[in-house]
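There are 2 protein chains.
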Amino acid sequence: MSLSTLSATYLPAIEAELQHQVNRLNEPIYAPFYEMLTYHMGWSGEGAGPEASGKRIRPLLVLLACAASGGEWQGAMPAAAAIELIHNFSLVHDDIQDNSDKRRGRPTVWKIWGMPIGINAGDALFVIAQQALFDLHRHHPAETVLQAARVFHQACLDLTKGQYLDLSYENRTDLQESDYWAMVAGKTAALISACAQIGALLGGSSPDLQEAYRDFGHYLGLAFQVQDDILGIWGNEALTGKSAASDLLEGKKSLPVLYGLRRGGAFAKRWLEGPIRPDEVAALAEELAREGARLRAQEAADQMTDLALQSLRRAEPQGEAGEALFELTGKLLGRQS
Amino acid sequence: MSLSTLSATYLPAIEAELQHQVNRLNEPIYAPFYEMLTYHMGWSGEGAGPEASGKRIRPLLVLLACAASGGEWQGAMPAAAAIELIHNFSLVHDDIQDNSDKRRGRPTVWKIWGMPIGINAGDALFVIAQQALFDLHRHHPAETVLQAARVFHQACLDLTKGQYLDLSYENRTDLQESDYWAMVAGKTAALISACAQIGALLGGSSPDLQEAYRDFGHYLGLAFQVQDDILGIWGNEALTGKSAASDLLEGKKSLPVLYGLRRGGAFAKRWLEGPIRPDEVAALAEELAREGARLRAQEAADQMTDLALQSLRRAEPQGEAGEALFELTGKLLGRQS
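Heads up: the protein sequence lines correspond to chains A and B, in order.
Numbered by our numbering, the letters in the first sequence go through residues 683 to 1019 in order.
Numbered by our numbering, the letters in the second sequence go through residues 683 to 1019 in order.
None of the hints are false.
Which copy? The list can't say, so a pair holds if one copy fits it or any two copies do.
Below 20 Å or equal to it, Euclidean Cα-Cα: the simulated EDC-like pairs (lysine to aspartate or glutamate) are: (1) 793 with 776; (2) 934 with 973; (3) 793 with 780; (4) 934 with 776; (5) 793 with 852; (6) 737 with 776; (7) 737 with 919.
I should point out that these hints are in silico values taken from the structure, not numbers from a laboratory.
Could you build all of it, start to finish, from the sequences and the hints given here?
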């Protein structure tokens, strides 16, 4: 219950801080520009609301790690907002790079306003994320802000490295499991790891414990991505084929697909022949499971989850927020810890 | 002569610092990613060399403002690199947004590696710029670094605002002169202004003098842009029509064009009929000059130059670097100060 109690306090405060930060662009002559950002954040336009905003997992993690380290969560709020803004910057650019029309059920920014303006909207979110981070100085000494910035910027660079790998994998058929882990370490785990580490830093954890938090976030990110890969093929939405929700349709080189390709069976044969059609999705997902890819991916997710939980225990999280971190991990990874 | 003496010292050091910063990506598995950045910066690939690097005016300005404020230029080097990297980030994204094939005579990054990877290369330059800035902590107290970061981030945000205006003007025929100034204040002047202000801050100028430096950079940027607009229509390359160098061909809403449109004469009539053909460029440029647009633009450039020089005098720049700032202004604006 700790998680739902704390979320009820944190989430509205996170939303308020994010709005406060994006408000930097709220000037009459930039009204349409400001609107793109509020639209993407889920606050304006058709379909606005919690569904369109995403779950704000990352900022929640920052605040929980801070509180579980004995700090005041309010003092970590600018960092929480900064990381959520970076996450959203990367989504805006991702959608352009992947030519995606929809995000959280609504048309993507570039689809509405065009590619050039979409790139610029992402850039603006990036800048505002930087500005948000430096508002930490309201609560923390300059030295601490610079320490947080160092972790933050390294995570941002790792994000672009992961994105580079992801894009460069598109036309490769020789990918190994290690290529996958390098990519998701940057694309998914780097930011989640930074959430935990920065929260711990701001909460006053010792360097050793900060490192444990960092490892926790890293493995949590990896486990989360593998879980997402599994749902992307065998989740309800993917199987019913209602939309282009299946990773098989999109040709995504997820972990189960890499297993299938290495196995070199019927799945691999079909995959290498070219794009998968919607009417093939269900049978192909079944074939891939039959070849053992689902089980192996689940084992990998479980292994990463165990490493995440071990790291979290090593981080010695305190009090209600500490319990909430274990709860959140269990919830994200679809099992009780 | 101060400018050439100091440039001879500063420019190689700037190049070394930029390389040091971009080196953050120099790892075997990211080799092609690293190569995109070194290519764009002018250090690798076909046509590499000073011509491909650009003039490094912005970092030069940071170092000169620092030295002219009585500081050690070496201590401002991370900020100089950071601003040049931001400038280059914006060029990489600009080229995608404007669908430009060439930059400094070579194919653009996105043209070689594709649009998705091009966006990501720009994002990486943005991150590395942030990291470069925080290396200021090698020489300056954390509080000073945060002050510099505040100016830096505001300039980055202004850059995206200017870019938004520029992109949004594309299909507008009702633009006023004030729309133009708002756009170039963000797109060109914000970063140049930040160069001068941050240099002065790091050099130890008082807040009043920092403000004078900021104003100097602002007007220098505006004057520089108007001068560029004039050359884009009546410069040698534009008139000979050897390439798509003419702003008239590109349909750019530069200051002389806005004057012509407001005048509502033969130029405006032709402009509103649709894209200009290469064979019309010379005659149309002549018509626009005949209608007084060249003269009026030159007057605007001169006025901004005067304001820049007034601000620079108010900034009380010292010694050889101070002289070099006046020289640089004269050189950039094509007249002796």
